[in-house]
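Trainee: Sequence:
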Amino acid sequence: MFGDTIDGIFPGVGNGVYKWSTFQKHTVRLLKLKKMFISKFQSTPKFYARAPGRVNLIGEHIDYCGYAVLPMAIEQDILIAAEPLNTPAIHLANTNPLYSDFTTNANNIQINQTEPLWHNYFLCGVKGIKDHFSLDSPSGMNCLVEGTIPPSSGLSSSSALVCCAGLVTLMANGKTLPKVELAELCSKSERYIGTEGGGMDQSICFLAEKGTAKLIQFNPLRATDVRLPEGVAFLIANSCVEMNKAATSHFNIRVMECRLAAKLLAKSRGLDWKAMAKLQEVQVKLKLSLEEMLAVVEEVFHPEPYSIEEIGKNLGISSKELRTQILSQNTQDVTTFKLYQRAKHVYSEAARVLEFKKICTEAPEDAVQLLGDLMNQSHASCKDLYECSCPELNQLVDICLQFGAIGSRLTGAGWGGCTVSMVPVEKLESFLAHVKEAYYKNNNQRLALGGNSLFATNPGGGATIFLES
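Residue numbers for the sequence shown follow the UniProt record's numbering, so the first one is 1 and each next one is one higher.
These are computed hints drawn from the structure, not numbers from a lab. Honestly, I wouldn't trust all of these hints.
[Said to hold, decoys possible] Heads up, simulated DSS-like pairs for lysine-lysine below, C-alpha to C-alpha not over 27 Å straight-line:
#	residue 1	residue 2
1	313	267
2	175	285
3	357	287
4	267	320
5	34	175
6	188	285
7	210	357
8	130	175
9	130	40
10	188	274
11	210	274
12	274	285
13	441	383
[To be verified] Cβ-Cβ distance ranges computed for the label pairs, FRET-style:
#	residue 1	residue 2	range
14	88	176	13 to 23 Å
15	442	98	24 to 34 Å
16	305	468	50 to 60 Å
17	133	43	20 to 30 Å
18	219	332	23 to 33 Å
19	231	384	24 to 34 Å
20	384	99	32 to 42 Å
21	366	110	50 to 60 Å
22	137	302	53 to 63 Å
23	303	442	33 to 43 Å
24	117	334	24 to 34 Å
Note that CB positions come from ideal geometry on N, CA and C, so glycine has one too.
Given only the sequences and the hints, what does the whole structure look like? Please build it.
Mentor: Structure below.
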């Protein structure tokens, strides 16, 4: 039933579709998941899907502004065992007892934005595929989900679940899509839960390749290999402060601040501001460099927060029109917006991403130090201009730099989650020991996370389908 479909999802078996025998490291997990699936559903899974988490090395909060980012996939992932059904019933279960079972009808997908529970992310992926193909009679499914990505840690556990669910739904309904289209579709699908993301997480999930980070560019979506320097390791450290993008307003407020900044910049330069939604679009229209855009930001904006009334006055519309025509539903109650700081971060961070890629490509003798400097500048900008850090993240960055990291920064949305640090290989052992001692040892909550709190990672592969040999 699934042979032809599987070959068509990604171009060619082996490029996203694997037999168990060719992917030995996952065999034990797959067998364990199969056994649990049989116990749960009294039937056998027909295929398995895997979607990795990611760590963003540099380029924070700029994908939704239209700018390139530089992530890599990590080994931690979402794994789903799936069985298509002849009925529209979708039965979801999770190997983690903290996440309750859920059942719904594929013909009536309801996603509650006020409660970002785990199954709602799965339903985002289902609904995205259903709506894209206008499926009149979508297949039901039995699905058992296992995840090894720490939740709300800034390593894209939510997006990985959306992507994995989208891939499972695609398979179950006998449909095919190229990787790029599937990434873009899953990016749009996650917005069903109320998060205004930009597409980085879903893109690296599908376009990642083992052994290389990726420069992800948008409009059109494309991925370029970035070979990281030898002699260093990238360490992820969890602050153990959880942050769920869909459960708080911080993230969506930042998206709106960037959107408003784009409109005011466009208006100040005589552009059609109503057609502008992203800071990158303004730069393209003005045909200016990123450095020149930073000068425009200094000229146009004042550092003090902007009120609804002042923004409306600048755009020539009423406060009511601003709220009803521009502000999103989840930013309606916000009264002030920091436009100068957000725009300055976005344009400077976009420049740092391109410089990071250039250094990796040209590989000068001091490449590691230069890359570390860029990571440190990125964290300072996230902390001071974008205000998406927190005391624990700042403390963790300082500790990592103190014990040998050349560069260290928050990664992911921020307000909690993880840091990523670049550490010389020869200092790796002492770095791990000292960071554990300084940040985790005397805190029971942090100690409880165990091996999930501090680990080295290498660039991993993208989303895959597993078939039994």
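Trainee: Taking 24 to 34 Å as the hint, is the beta-carbon distance of residue 442 and residue 98 inside that range?
Mentor: This hint holds: roughly 26 Å between Cβ atoms.
Trainee: Under the criterion that the straight-line Cα-Cα distance not exceed 27 Å, is the pair residue 188, residue 285 satisfied?
Mentor: Holds, at roughly 25 Å.
Trainee: Run the distance test for residue 313 versus residue 267: straight-line Cα separation, threshold 27 Å.
Mentor: holds, 11 Å
Trainee: Given the hint of 24 to 34 Å, check if residue 231 and residue 384 actually sit that far apart at their C-beta atoms.
Mentor: Roughly 31 Å apart at Cβ, these two residues keep to the hinted range, so it holds.
Trainee: Please work out if residue 210 and residue 357 have their alpha carbons no farther apart than 27 Å.
Mentor: holds, 18 Å
Trainee: Against the 27 Å threshold, does the CA-CA distance of residue 210 and residue 274 hold or violate the hint?
Mentor: Violated. Residue 210 to residue 274 sits at ~42 Å, over the 27 Å cutoff.
Trainee: The hint says 33 to 43 Å between residue 303 and residue 442; measuring C-beta to C-beta, is that right?
Mentor: About 39 Å separates the Cβ atoms of residue 303 and residue 442, which means 33 to 43 Å holds.
Trainee: If I claimed the Cβ atoms of residue 133 and residue 43 lie 20 to 30 Å apart, would that claim hold in this structure?
Mentor: The hint (20 to 30 Å, Cβ to Cβ) holds, given that residue 133 and residue 43 are roughly 25 Å apart.
Trainee: Is 13 to 23 Å respected by the C-beta to C-beta distance linking residue 88 and residue 176?
Mentor: holds, 21 Å
Trainee: Holds or violated: residue 267 with residue 320, Cα cutoff 27 Å?
Mentor: holds, 19 Å
Trainee: Does the alpha-carbon distance linking residue 130 and residue 175 stay inside the 27 Å limit?
Mentor: holds, 10 Å
Trainee: Assess, step by step, whether the Cα of residue 130 is no farther than 27 Å from the Cα of residue 40, and give holds or violated.
Mentor: Given that 27 Å is the threshold and the Cα spacing comes to 26 Å, the pair holds.
In summary, the numbered hints that this structure violates are 2 and 11.
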